[in-house]
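**Student:** Dock chain Z against the given chain B, drawing on the hints supplied.
Sequence order for the protein chains is B and Z. One point on numbering: in the working numbering, the residue at position 50 of the first sequence is 50, and numbering is uninterrupted. One point on numbering: in the working numbering, the residue at position 64 of the second sequence is 64, and numbering is uninterrupted.
To be clear, the hints were calculated from the coordinates, so they are not data collected in a lab. Don't be surprised by glycine CBs; every beta carbon is placed ideally from N, CA and C. Worth double-checking, as some hints may not be accurate.
[What the hints assert, rightly or not] A few chain B residues that face chain Z, going by a derived Cβ cut-off under 8 Å, partial list only: (1) S91; (2) L122; (3) D304.
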Amino acid sequence: MTQTSEQAVPITTGRPSDDPLAIEVRDLHVRYGDFEAVRGIDLDVRRGEIFALLGTNGAGKTTILEVLEGFGRRSGGTVSVLGFDPATHRSLLIELMGIQLQDGGFIDELTVLETLQLWQRLIDRPDRPERLLERFELGGRRDVHVGKLSGGEKRRLDLALAVWGSPQLVILDEPTTGLDPESRRRTWDAIQELQEAGRTVVLTTHYLEEAEALANRVAIMHEGRVAVAGTLAEIVATQPASFSATLPAEVTQLPALPGLTRTESGVRVRTDDLQRDLTAFLSWAADRRVRLSDLRAAPASLADIYYAVRTEQTKEVQR
Amino acid sequence: MSDRILALATTETKLVLRNKTVAVSSVVLPVTLGIFWIFSFSSGDERPWGTIVALQLAVVLAMSVYVTATQTVVARRHHRVLKRLRTSGISDTGLLVATMAPGVAIGLIQLLIFTVINAIVGAPLPTDPLPLVLALLGGLALSVTAALATSVVTPSPERAQITTLPLTFVLLGGAIALSIVPLEGWWQALVAVPGASIGQLSLFAFAGGTWSDGLGGLPAVAALLIWPVVFGTLAHRRFRWDPRN
Numbered sequence: 001m002t003q004t005s006e007q008a009v010p011i012t013t014g015r016p017s018d019d020p021l022a023i024e025v026r027d028l029h030v031r032y033g034d035f036e037a038v039r040g041i042d043l044d045v046r047r048g049e050i051f052a053l054l055g056t057n058g059a060g061k062t063t064i065l066e067v068l069e070g071f072g073r074r075s076g077g078t079v080s081v082l083g084f085d086p087a088t089h090r091s092l093l094i095e096l097m098g099i100q101l102q103d104g105g106f107i108d109e110l111t112v113l114e115t116l117q118l119w120q121r122l123i124d125r126p127d128r129p130e131r132l133l134e135r136f137e138l139g140g141r142r143d144v145h146v147g148k149l150s151g152g153e154k155r156r157l158d159l160a161l162a163v164w165g166s167p168q169l170v171i172l173d174e175p176t177t178g179l180d181p182e183s184r185r186r187t188w189d190a191i192q193e194l195q196e197a198g199r200t201v202v203l204t205t206h207y208l209e210e211a212e213a214l215a216n217r218v219a220i221m222h223e224g225r226v227a228v229a230g231t232l233a234e235i236v237a238t239q240p241a242s243f244s245a246t247l248p249a250e251v252t253q254l255p256a257l258p259g260l261t262r263t264e265s266g267v268r269v270r271t272d273d274l275q276r277d278l279t280a281f282l283s284w285a286a287d288r289r290v291r292l293s294d295l296r297a298a299p300a301s302l303a304d305i306y307y308a309v310r311t312e313q314t315k316e317v318q319r
Numbered sequence: 001m002s003d004r005i006l007a008l009a010t011t012e013t014k015l016v017l018r019n020k021t022v023a024v025s026s027v028v029l030p031v032t033l034g035i036f037w038i039f040s041f042s043s044g045d046e047r048p049w050g051t052i053v054a055l056q057l058a059v060v061l062a063m064s065v066y067v068t069a070t071q072t073v074v075a076r077r078h079h080r081v082l083k084r085l086r087t088s089g090i091s092d093t094g095l096l097v098a099t100m101a102p103g104v105a106i107g108l109i110q111l112l113i114f115t116v117i118n119a120i121v122g123a124p125l126p127t128d129p130l131p132l133v134l135a136l137l138g139g140l141a142l143s144v145t146a147a148l149a150t151s152v153v154t155p156s157p158e159r160a161q162i163t164t165l166p167l168t169f170v171l172l173g174g175a176i177a178l179s180i181v182p183l184e185g186w187w188q189a190l191v192a193v194p195g196a197s198i199g200q201l202s203l204f205a206f207a208g209g210t211w212s213d214g215l216g217g218l219p220a221v222a223a224l225l226i227w228p229v230v231f232g233t234l235a236h237r238r239f240r241w242d243p244r245n
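Looking at chain B on its own, in the form it has when it is part of the complex (with noise of 0.2 Å):
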């Protein structure tokens, strides 16, 4: 019910802007009574680009979806998206935005092919229900009422009304929750045709591995926060890689290497340097004639950050 005031806009809509960031938040708080749900939250988003927030339940990430699609109220912070600020100009930003909800939201008694026919009345963007119907194969299903669609059928005419007349920014809670390995592997081609045509994609997820497929950024919130943010390969840095290795059993003494544990069966190191460090280890076991087996190395994965935040975070908040 909240009014709000459309002014003289600084871009013309529906054209791409200049300006390389689609959404530039800085020290974003959202507090909802004496939570506090989003603590001071920088980002940006490039034009162009697939953008990942991960994080667990209650991280902050819808939070954060609902300020930048104008719908939730910050507490503090500026928020750019596509030039606008979302809490002034929500409608002209509707116009340039595709918006998927985590769940629901579809009027159960309406068929498939109703659905979509009430979206192209409501939505300046021009499209076609059947083009729809074919891209998301939902074709089959297109006089079955709503409330009967399974659940993977729901997330794809949900992402079918997302990507309506193909908008400059869509947004995507949770795309593929709930779907199984087919139909996921489907969502993540439409995301990634949306980036072939120079859209911009947010999207939040729990599947680390769908972020490692599909995200040129990623950000991993805890509790409010984003604790990182950057590129894969950047976000990977932050991180020790680690090399492991399988053992002769009469092996008893082992090289002095910072980071080195012993496992079941042989050793695993994690290092800030891992050429110097394997380089050392391999040394040692050609100096003693040590044959290694299982000879891993690999830099740290995602799993591995997004655990790491957690339990830093965590131990932080113990302290």
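**Tutor:** Same frame as chain B, but now just chain Z:
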């Protein structure tokens, strides 16, 4: 903009008519009650048409407009339909207007049916139609703003059956009280009750004297203006689009 409201309002109306339970509760029941009152006031030579029309107006505004609008808004919010539709191009005001439009449309159709039946049974034309028009417009404003205000305290569609009862009784009770209580002395304060103010304006429409004797119908008009402002202000401050917030 109006195209979007019309598109959604048409869809909502279709859905109300598809739902047999809602259709019965919002169409058949009020019409039956309205007709019942015509024949329950047939003891004398002439029927008290002011009171009959007051009761018909009250039952339509309470049961068709107010209850239906509350149930629809709460159900749409509960299932996050309001939230999703806000992501389309329709404005917030347009969304609420379209969501409540079926209740208003059904109410107006019922009143049209009553008008035809009343005319067939021999109802005279009102002496002064203006108070009746004011009662209708004020009553509609009261019903839709009250529906939005009631949705604030209604967490689920099931609860709407309970939370709409008090105002439904007040609207019907106020209108019925007119036929029992003489509106003199302190009883005149009764006109502040929403149903009673609608009823009194209906009585003035058939008896005349709305603007002549003392204050006439002014207190009833004032009451009809105040209640929508009160409910509208409450809804504006507390209305929720999302069941989670």
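**Student:** Look at each hint and say if it fits the structure.
**Tutor:** These are the hints, each one checked on the structure:
1. S91: Result: holds, 6 Å to nearest chain Z Cβ.
2. L122: holds (4 Å)
3. D304: violated (33 Å)
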